[in-house]
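Engineer: Listed below are the residues making up each chain.
Number of protein chains: 4
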Amino acid sequence: MTNTQVTLVQIDNYGPWTVTPEPRREADLQTMQSRLYADISQFVGNRGGYTFFTRFDNMIAVTNGLDREDHALLQESVGNRYPVTLSLGIATGTNPVQALADATARLQEAGSAQDKHRRECLEGRVIDEPYRADDDIQIAHFDVINATGNYTDELNAFDTFIEIEQGYAELMRHMRYAHDSLSFFVGGDNVIVVCPDLEAADYEEALAHVEEAVDVEMQVGVGRGKSAHEAGFAAKHALETCRADGTRVELEWKTA
Amino acid sequence: MTNTQVTLVQIDNYGPWTVTPEPRREADLQTMQSRLYADISQFVGNRGGYTFFTRFDNMIAVTNGLDREDHALLQESVGNRYPVTLSLGIATGTNPVQALADATARLQEAGSAQDKHRRECLEGRVIDEPYRADDDIQIAHFDVINATGNYTDELNAFDTFIEIEQGYAELMRHMRYAHDSLSFFVGGDNVIVVCPDLEAADYEEALAHVEEAVDVEMQVGVGRGKSAHEAGFAAKHALETCRADGTRVELEWKTA
Amino acid sequence: MTNTQVTLVQIDNYGPWTVTPEPRREADLQTMQSRLYADISQFVGNRGGYTFFTRFDNMIAVTNGLDREDHALLQESVGNRYPVTLSLGIATGTNPVQALADATARLQEAGSAQDKHRRECLEGRVIDEPYRADDDIQIAHFDVINATGNYTDELNAFDTFIEIEQGYAELMRHMRYAHDSLSFFVGGDNVIVVCPDLEAADYEEALAHVEEAVDVEMQVGVGRGKSAHEAGFAAKHALETCRADGTRVELEWKTA
Amino acid sequence: MTNTQVTLVQIDNYGPWTVTPEPRREADLQTMQSRLYADISQFVGNRGGYTFFTRFDNMIAVTNGLDREDHALLQESVGNRYPVTLSLGIATGTNPVQALADATARLQEAGSAQDKHRRECLEGRVIDEPYRADDDIQIAHFDVINATGNYTDELNAFDTFIEIEQGYAELMRHMRYAHDSLSFFVGGDNVIVVCPDLEAADYEEALAHVEEAVDVEMQVGVGRGKSAHEAGFAAKHALETCRADGTRVELEWKTA
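Residue numbers (this note's numbering), protein chains in the order written: chain A, 42 to 297; chain B, 42 to 297; chain C, 42 to 297; chain D, 42 to 297.
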């Protein structure tokens with residue numbers, strides 16, 4: 042059984058800020074957002090977690106291994122260095138989608154994302170250290186088969202992007218509604234998926250679905266671990282096996 | 042008539058680098074990619090251009106106002122500060138998709154994105170200063186109507202993301218194939234579109250198409266200018282008018 | 042008794058890299074150095090430590106609370122994101138100067154700072170968690186009395202800088218040779234000093250010495266703690282007391 | 042004749058901000074300051090200028106080639122991305138110390154560095170493009186002879202730092218009072234000096250003075266150019282000649 046700790050990271054009242062007193066330069070907003078994301082990714086990542094940029098104003102992180110003090114420190118540190126502040130909602134569970142729904146609900150109860158009086162909320166609970174297990178997290182790392190040869194070196198850069206984006210859009214919906222999983226595009230032709238307790242057959246089904254729906258061929262490595270990094274690292278190694286052996290689904294964990 | 046200068050920014054041999062000698066920590070890759078993007082956005086942006094993160098290993102920029110020396114300086118500066126290098130393809134034209142296709146072709150002719158001997162290529166031509174015009178660029182800035190009230194404060198964060206992502210995926214395909222435009226998600230519920238010479242009716246058609254196809258209601262502000270910043274800034278102001286007046290399409294430029 | 046854990050952070054073979062194959066743009070070197078420092082400051086700082094930029098190619102950190110795995114992770118993360126790599130020497134002791142000397146010796150034994158075969162060394166030992174104590178670190182935070190009124194708003198910016206620099210140079214030498222302490226300029230008119238077990242009289246002596254030698258009047262807040270952050274935070278509060286009450290030396294810790 | 046354009050960059054009301062409502066974490070301040078410096082260095086640097094971190098809350102830049110719009114854009118961009126704002130004073134002249142004094146005076150007249158109502162001032166004038174000349178800037182790049190062999194690989198890291206710091210402190214004072222020059226430590230064992238129209242004999246005198254006063258042996262490469270980058274790049278090449286040939290002073294410019 043997985044036990045995923047999910048943190049919703051929301052920039053407080055961000056939309057209004059971007060146009061107050063008048064619209065801010067887009068390049069500055071892009072720079073600020075992506076550096077803020079990079080900092081959070083680094084903070085969470087060097088404690089074993091993963092952060093996904095998602096919509097940038099709402100980021101989603103897998104934070105097993107981070108306690109409430111860590112979350113509070115992240116808020117404080119961002120508040121000291123950026124012109125915006127963060128609210129954080131945390132929840133845990135065997136089903137990542139449900140955990141995220143709970144984390145979201147906690148922030149929604151605290152106030153609207155555009156409520157200017159809701160600032161630096163920290164809501165929810167973490168998995169206490171004694172309750173953490175070696176297989177709390179399951180991560181699947183998908184990529185597009187021979188994306189460089191089939192797309193990047195052949196199509197124009199936008200059409201390649203459309204192909205990959207289409208594969209991602211289909212995969213994200215399917216994994217969410219059929220498999221209670223959270224899928225995130227992470228650059229290139231890579232999608233990282235935070236999963237509950239899925240099996241090889243589930244991934245085979247998902248690959249077949251995407252191929253049929255949008256004609257994009259993908260492969261996937263899957264890993265388990267105590268943290269997102271551990272699970273994700275095993276998934277990367279499994280994906281290397283796909284690439285080397287031409288297989289479509291590889292799972293890398295000690296069998297139960 | 043628009044005359045868009047497009048630059049394709051490609052990290053050299055990036056895929057192989059991310060797994061050599063073995064897979065690198067995902068959080069570090071995410072941090073490095075997004076900071077690299079932020080730096081390019083800043084460099085291009087403070088010369089009046091726009092950069093879109095796209096796939097991160099392939100970024101697309103609108104670079105009217107930057108000459109070849111500027112591009113070369115960007116390459117040199119990134120090469121001095123990052124563990125990776127950039128190749129750049131530049132092209133111009135009335136049709137942004139065609140311009141990007143040309144820019145892509147120039148890099149593809151120079152070598153594969155995963156050719157380790159293709160490093161720091163700089164290919165293509167810019168619009169010389171005397172040939173630049175005040176209406177070279179047309180930018181449309183879309184957002185989702187009442188995204189915070191309808192989605193962010195109501196659905197869980199991932200389902201909100203799916204809705205926005207779906208609207209984006211449909212819009213990007215439609216604008217590319219029906220209107221020769223390049224659409225980029227820029228965070229929150231915002232999509233920036235680099236367009237040829239489109240009219241209000243074209244945007245109305247696109248909004249109707251997206252609403253019918255995926256049931257996402259959007260609005261759009263459109264601007265023209267000599268640079269991406271000028272056009273995009275006018276588009277932002279036009280979008281503020283939509284928000285204030287409840288209109289769906291606003292164009293902000295002096296009519297010809 | 043203090044027990045300071047000191048880490049010497051050395052960029053591997055940096056001097057030669059800056060001029061290979063020919064001198065690199067100074068602005069890029071400055072950007073890269075200061076961002077690398079910022080990242081290390083953030084990594085160490087959000088684990089309770091302090092990092093000082095010192096010479097940039099050689100940085101000095103107080104790392105109580107960071108174990109060898111943390112140090113290794115810092116090396117790995119920097120190696121994944123920068124064009125340069127780090128070697129780290131760690132040592133501990135009641136005398137910060139001696140600890141730094143030991144940390145330095147470990148790196149020197151591993152090879153020259155300009156030996157291109159010495160890369161990513163990690164040498165030395167940390168204080169194991171059970172041996173850490175609440176008063177392991179003593180930090181003194183000095184500033185110049187009314188620097189803004191006496192200097193910044195009166196002299197030209199360089200002459201102000203000379204005054205502050207002179208105060209710092211005298212303080213750093215005196216604290217090192219008379220009090221076995223490591224002093225670091227941290228911006229503005231602030232100097233942070235990592236001390237052994239000093240008393241109020243020692244600080245009074247130091248202030249008097251600096252005033253006599255170079256005619257710069259300073260004040261100092263001193264704190265103790267389990268980590269650099271705890272001690273430094275107490276020192277900052279003590280310095281606020283100096284500012285409020287017009288005193289010259291304030292110590293903030295529970296007396297033994 | 043040189044004609045140096047100097048910009049004083051001052052963070053508005055920074056001291057009070059760092060302790061409001063209570064002292065902020067030192068590691069965050071260090072991170073924020075050094076990244077802000079890095080961004081300014083990059084902005085100014087990719088327009089041919091040099092920025093020196095100096096005291097971090099007051100930075101000094103050589104900005105030949107940047108006009109008032111560039112300065113205003115820097116202010117706007119920083120204001121959009123940081124929790125602090127910048128005021129800028131600009132002045133020009135044949136004597137860099139006098140230019141800096143004028144730039145400082147303009148900001149001082151606008152208000153105190155700790156006046157909370159003085160925000161984002163932009164004062165002073167630049168050299169208009171037609172008046173710029175190929176030899177407007179003279180830069181000298183000093184380093185310590187065999188610093189790695191004599192110090193870094195021999196002494197502990199702090200004693201090495203004291204030696205280099207002492208050399209710098211002596212050089213900065215001497216160059217300022219004897220030669221109207223602004224000297225900045227830029228990391229490692231390097232000092233960059235912004236000079237008026239000095240000759241080889243002046244540098245020989247300065248080297249002799251430093252050696253006699255504090256027993257630190259330095260060498261220096263000197264360059265001229267239209268911008269800080271051009272002059273500094275020539276200086277770096279000249280310094281490479283010193284290193285290769287064992288000479289102490291090298292000037293690299295086309296003789297008048």
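If you are wondering where the hints come from, they were derived from the structure by calculation, not from laboratory data.
Watch out, some of these pointers could steer you wrong.
If several chains are the same, the list does not tell them apart, and a pair holds so long as it fits within one copy or across any two.
[Said to hold, decoys possible] Listed below are the simulated SDA-like cross-link pairs for lysine to any residue, each with C-alpha atoms no more than 25 Å apart in a straight line:
#1 K157 - E195
#2 K157 - D286
#3 K157 - E63
#4 K267 - V60
#5 K157 - E281
#6 K267 - Y123
#7 K267 - M42
#8 K267 - T282
All of these numbers come straight from a predicted model, not from anything done at the bench.
Engineer: The structure should be examined with respect to each hint, and the outcome stated for every one.
Structural biologist: Status of each hint after checking the structure:
1. Taking the shortest Cα distances, K157 and E195 sit within 25 Å of each other only across copies (18 Å), while inside one copy they are farther apart (48 Å).
2. In the homo-oligomer, the alpha carbons of K157 and D286 lie at most 25 Å apart only across protomers (23 Å), although the nearest pairing inside one protomer, at 54 Å, exceeds that limit.
3. Taking the shortest alpha-carbon separations for K157 and E63, both the intra-copy value of 17 Å and the inter-copy value of 22 Å come in at or below 25 Å.
4. Proximity of K267 to V60 under the C-alpha cut-off of 25 Å is restricted to the inter-copy arrangement: shortest distance 22 Å between copies versus 42 Å within a copy.
5. For the homomeric pair K157 and E281, the shortest alpha-carbon distance between copies (19 Å) is at most 25 Å, but the shortest distance inside one copy (47 Å) is not.
6. In this assembly of identical chains, the alpha carbons of K267 and Y123 never lie at most 25 Å apart, being 32 Å within a copy and 28 Å across copies at closest.
7. Taking CA atoms no more than 25 Å apart as the test, K267 paired with M42 passes inside one copy only; the shortest distance there is 12 Å, against 39 Å between copies.
8. Only within a single protomer do K267 and T282 lie at most 25 Å apart by alpha-carbon distance; the minimum there is 22 Å, versus 46 Å between protomers.
Checked against the numbered hints given earlier, the structure breaks only hint 6 and satisfies all the rest.
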